[in-house]
Amino acid sequence: MRRSSAAIILVAIGLHAAGTSLSAQHATAFDIEDGGRAFRNTCANCHGPDGDQIAGIDLGRGQFRRPLTDQELVGIIRKGIPNTPMPATNVSEAQAVKIVAYLRSAAESRKSVAVAGDAPRGKMIFDGKGDCSTCHRVNGVGSRQGPDLSRVGQLRRTIELEQSLLDPAAEVLPANRFYHVTTKDGVAVTGRLLNHDTFTVQILDAKEQLRSFVKTDLKDYGFAPTPMPSYKGRLNPQETADVVSYLVSLKGRTNP
Amino acid sequence: MMARTCLLVVLAAVSLQAQVSFDRVLHGEREPQNWLSYSGTLFNQRFSPLTQITPANAKNLQLQWVWQARSLEKFEATALVVDGVLYTVQAPNDVVALDAVTGRVFWTYSHQPAPDARTCCGRVNRGLAILGDTLFMGTIDAHLLAIDAKSGGLIWDTTVASSSQRYSITHSPLVVKDKVIVGTAGGDMGIRGIVAAFDAKTGKEVWRFYTIPAPGEPGNESWSGNSWMTGGAGVWNAGAYDPETNLTFWGTGNPAPDWDGRTRLGDNLYSDSVVALDADTGTLKWHYQFTPHDELDYDSTQVPVLADITFRGQPRKVMLWANRNGLMYVLDRVTGEFLLGKPYVKVNWMNGFDHKGRPKRVPGKVPTPEGTLIQPHVHGATNWAPPSFSPKTGLFYVAHWENTGTIVTEGLSPRPVGVNTRQTTMGQVNLQQFFNNDEEAYGVVRAYDPNTLDPKWEYRMNDITWGGVLTTAGDVVFSGGKEGYFFALDARTGELLWKASVGGQVNAGPMSYSVGGRQYVTIAAGSSLFAYALPQTQ
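Protein sequence lines correspond, in order, to chains V and G. So that you can map any letter, position 231 of the first sequence is 231 in the working numbering, and since no number is skipped, the others follow by simple counting. Count along the second sequence starting at 1, add 256, and that's the number in the working numbering.
It is worth saying that the hints were derived from the structure and are not from the lab. Just so we're clear, the structure is a prediction, and the values are computed from it rather than from any experiment. Please note: incorrect hints may appear among the correct ones.
[Said to hold, decoys possible] Here are the computed lysine-lysine pairs in the DSS-like style, where the Cα-Cα straight-line distance is at most 25 Å:
| # | chain 1 | residue 1 | chain 2 | residue 2 |
| --- | --- | --- | --- | --- |
| 1 | V | Lys251 | G | Lys406 |
| 2 | G | Lys573 | G | Lys612 |
| 3 | G | Lys457 | V | Lys207 |
| 4 | G | Lys406 | V | Lys207 |
| 5 | G | Lys460 | V | Lys251 |
| 6 | V | Lys251 | G | Lys457 |
Could you put the whole structure together from the sequences, leaning on the hints where they help?
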């Protein structure tokens, strides 16, 4: 509840796609990236990472309760909506313009996600055909090699999850990078990179052991490609949508 | 620098990091390389079986690494080490996994305490517990968290009590079989103390023991009126466990309000006591109250130290206790029988014990409108810092204060006498200039014979100490103090063997571990953790 009241809630009237998008047309890729960062820091606590956690509103798909111009959205972000949970913020005009550009861009990219997914079917694929738990962990079950997905639905947008399935090497978050080392006596170890510096490197290896190496002890070392395979062609569009829906449904465990 | 760096070249994870079973935790002494609970084993002896560092070579100890916490709170935690990985807490409640050889970080888990979390004496944490691949931490907003030791991910988060009602948890949890046991602090703020056990897998509560009995339960008659409801008796230091009796032991804090007993007439059970609970059910088996009807803030939240010793010619399972109230005790830990008690500093509030071990109060040594001189000081002869027992020397090692007193006035906070008045409550992070005189308090590390409770030797510091004590099978004692030194003493003579200026107050207990056959000893001081070892042979 504290988090809900602390962040931005865009409450408008009517369910409709947004109007013209001057900001998005003139925004650079950097503007959109900045806007995404500002959205996650300021808006996502209430609206969710995909902007769809307020009933009747799906910011990531350009769905508001009535058509809104960019200028109107900028005004709402900054001044809030009186008598609603949507508060005013200290976001600058320039930042608000970037947030709007980011939302417009996200809505455009979403048009590629045409097939609706089924989360229970997605779980079956995750546990079966996809063999995902070989590397990933959900609510304490599965491997720690890949990212723990127990809360991935709170952390990542649908489009990002889809991209991770179909083109996993396109963008690997720093926390998910892999690293390889070969010791001077020829032992090769690859694992998830936890930390590294000029002299040492720390990884979680394939046996889930926390390992630390001093680089002068190594014959070679460096970043390794992500072991995450592409599911393009391995899953059909419906199966991909099902798995994405399942991942979106993962919001963490309920406390005892 | 490069040459020194090369000296650090060691593969940290020499041994595989296997699951930490309860049997491993219970028999921590079988794994000298590891440190699997707050004081090393569930007997809380804070004794390391490692022998590489000795009185002969301790002078060669060298700093190996420093890890700096991103926190300006006091660093009171003792780390755990499991097969080359060191786990500690960045105050208030961030868990950090470090490589025990280099001090470099594997992962950090950050807990954001509720804004209404309140503690009496700093937003501190004293450490973790481990079982399987799971770490456990109590938080200052009175949650108990289970954290994946491999990844730093949260497994479960259980609310033990309400932070809005001033409950908090500051001590390391205790793992007993498949349960995790914690107690709640907040005794100065009118809580009703709790010890509770939780299922280690799920976080579900298994049992709960209130340190103040409810109406109808034995002991409730020791509280007048409804004073039991907000009577304090918090639990804010580590417990102990004895597998032979399946008893878990916890020290309890002062009754509330602290310096005014007029509204809570009676002995105020089980405040200022040690309670022995059945570890499976939480049922009270015995208790011993150190300070009945306390009006002097003599929390009995010291770490219970269990030892099997020859006492007066007979083998005996005892509990050793250096109390804040200035008295040292030997109790039979099976029955709770009082075996021996004796002042170990200047004590003027009592002048002996009756046949059951109840202290005989000195008339008039209570808070009065005009103020009364009480010895020892409100912070006590010792406080929460963990002591040590060496089964090798058979001595009980305690860091404590000497020459202290307090003017206690009814209903008001006490005014120190004979103590450096620049000190703040319960220690600080940074060093301050200190100019004492003979009338003021000073710190000591002393070795006591459990058979007589007489000191065998003393190491004296200028200033007081909030540091704990570690002993090793190499016959070395490690401790530190408010002056910002970490030092090594000869366990048999108290001779100073080595010291290091750590630049901040020592507010924690030392511990020792080894990786790749090399013994390390760590201490938290200021906001940082320091690791020392002997030079590597080339």
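How the hints compare with the structure:
1. Lys251(V) - Lys406(G): Holds - the C-alpha atoms of Lys406(G) and Lys251(V) are around 21 Å apart, at most 25 Å.
2. Lys573(G) - Lys612(G): Since the Cα atoms of Lys573(G) and Lys612(G) sit roughly 18 Å apart, the hinted pair holds (cutoff 25 Å).
3. Lys457(G) - Lys207(V): Holds - the C-alpha atoms of Lys207(V) and Lys457(G) are around 22 Å apart, at most 25 Å.
4. Lys406(G) - Lys207(V): holds, 11 Å
5. Lys460(G) - Lys251(V): holds, 20 Å
6. Lys251(V) - Lys457(G): holds, 20 Å
The earlier numbered hints are all upheld by this structure, with none contradicted.
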